[in-house]
Every structure is written in structure tokens, then in C-alpha cells.
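**Student:** Full structure from sequences and hints, please.
There are 2 protein chains.
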Amino acid sequence: PEWQLVERHGIQQLERLYTFSDFRQALEFTCRVGELAEQAGHHPALLTEWGRVTVTWWTHKIHGLHRNDFIMAARTDELIER
Amino acid sequence: PEWQLVERHGIQQLERLYTFSDFRQALEFTCRVGELAEQAGHHPALLTEWGRVTVTWWTHKIHGLHRNDFIMAARTDELIER
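Protein chains in written order, with our numbering: chain A, 1 to 82; chain B, 1 to 82.
A hint or two may mislead.
Treat identical chains as interchangeable: a pair holds within one or across any two.
[What the hints assert, rightly or not] Derived pair list, reagent style EDC-like, types lysine to aspartate or glutamate, alpha-carbon separation capped at 20 Å:
(1) Lys61 / Glu81
(2) Lys61 / Glu2
(3) Lys61 / Glu78
(4) Lys61 / Glu38
(5) Lys61 / Asp22
(6) Lys61 / Glu49
(7) Lys61 / Glu15
(8) Lys61 / Asp77
(9) Lys61 / Glu28
(10) Lys61 / Glu7
These aren't lab readings, by the way, just hints derived from the structure by calculation.
**Tutor:** Take a look at the structure:
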């Protein structure tokens with residue numbers, strides 16, 4: 001599964017699960033997405049577990065999705081492809 | 001609120017929310033807890049958001065809590081106190 005549209009507490013969000021072969025790789029990906037978020041000034045929720053990271057984007061200010069969230073989702077994917 | 005006992009999908013877990021003044025500090029805490037987890041060979045779920053990290057410990061093998069989870073919770077607290 002790639003990006004999915006989910007609704008949580010009445011807020012539409014973009015969510016994707018990325019899988020890895022261990023905890024360290026998952027944690028490193030979290031850190032990379034975090035750096036991207038800091039650079040962009042737009043911050044996701046990042047759930048890091050053994051071998052998996054769930055990335056969730058939405059725009060806090062509008063309690064939903066903005067075009068910027070789709071851009072950030074695409075940029076998150078690019079971090080994996082490198 | 002400090003550590004709370006929660007039950008999720010029938011699995012008892014120890015959970016605590018830590019708050020920070022921005023995303024970067026939250027992300028740095030996540031990385032510190034991740035390093036602790038790697039050293040201990042015991043891995044939590046880490047939910048990183050703007051200004052907050054939710055840490056959840058449980059023992060996958062027994063689908064619940066082991067003494068080791070309480071030790072890891074205490075060691076997570078120590079990372080903040082430093």
C-alpha cells in the first residue's frame with residue numbers, strides 16, 4: 001500500500017507505511033523525514049517501530065489537507081528512492 | 001501524566017507522552033530513545049509529532065509487559081533528566 005487518505009478525529013490526513021529490515025533503518029528514515037520537515041517548516045506525525053515507519057501528513061492550520069501535504073508526501077517518497 | 005498502563009489490541013503496554021517546545025527537540029529525543037533501544041536490544045513504538053513524543057514499551061514475544069519494560073521506561077525518563 002502506498003499513500004492512503006485516512007480520517008482521524010474528523011481530520012483528513014495522508015498516510016503511508018514504510019517497511020525496513022530492522023529498527024535502526026526505520027529510525028534513520030524517521031530522522032531523514034524529520035530533517036525534511038524542518039527544512040520545509042511543515043511537520044508530520046512519525047510513528048517509528050521495529051522495521052516500520054508510519055508517516056502522516058496534514059495541515060494543522062486548516063485541520064485537513066492542503067496541496068503542500070501532497071508535495072511533502074512525494075518528497076518523503078524521494079527519500080526512499082535515493 | 002507520567003507512565004500509563006494502556007491496553008491496545010489486547011496487549012498491555014506502558015506509555016508516556018513527553019512534551020517539547022518544538023519539532024526538533026522532539027525528534028532529537030526520539031533519536032536518543034532509539035539509541036537506547038538499540039543498545040538494549042528492546043524496541044518501543046515512538047510517535048514523534050510537533051513538540052511531543054509518545055513512547056510505548058511492551059514485550060512483543062509475550063504480547064504484554066515484562067519486568068524489562070519497566071526498566072526501559074525508567075531508562076527513558078533518565079534521558080530527559082540529563
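**Student:** Of the hints stated earlier, which fail here?
**Tutor:** 1, 2, 3, 8, 9
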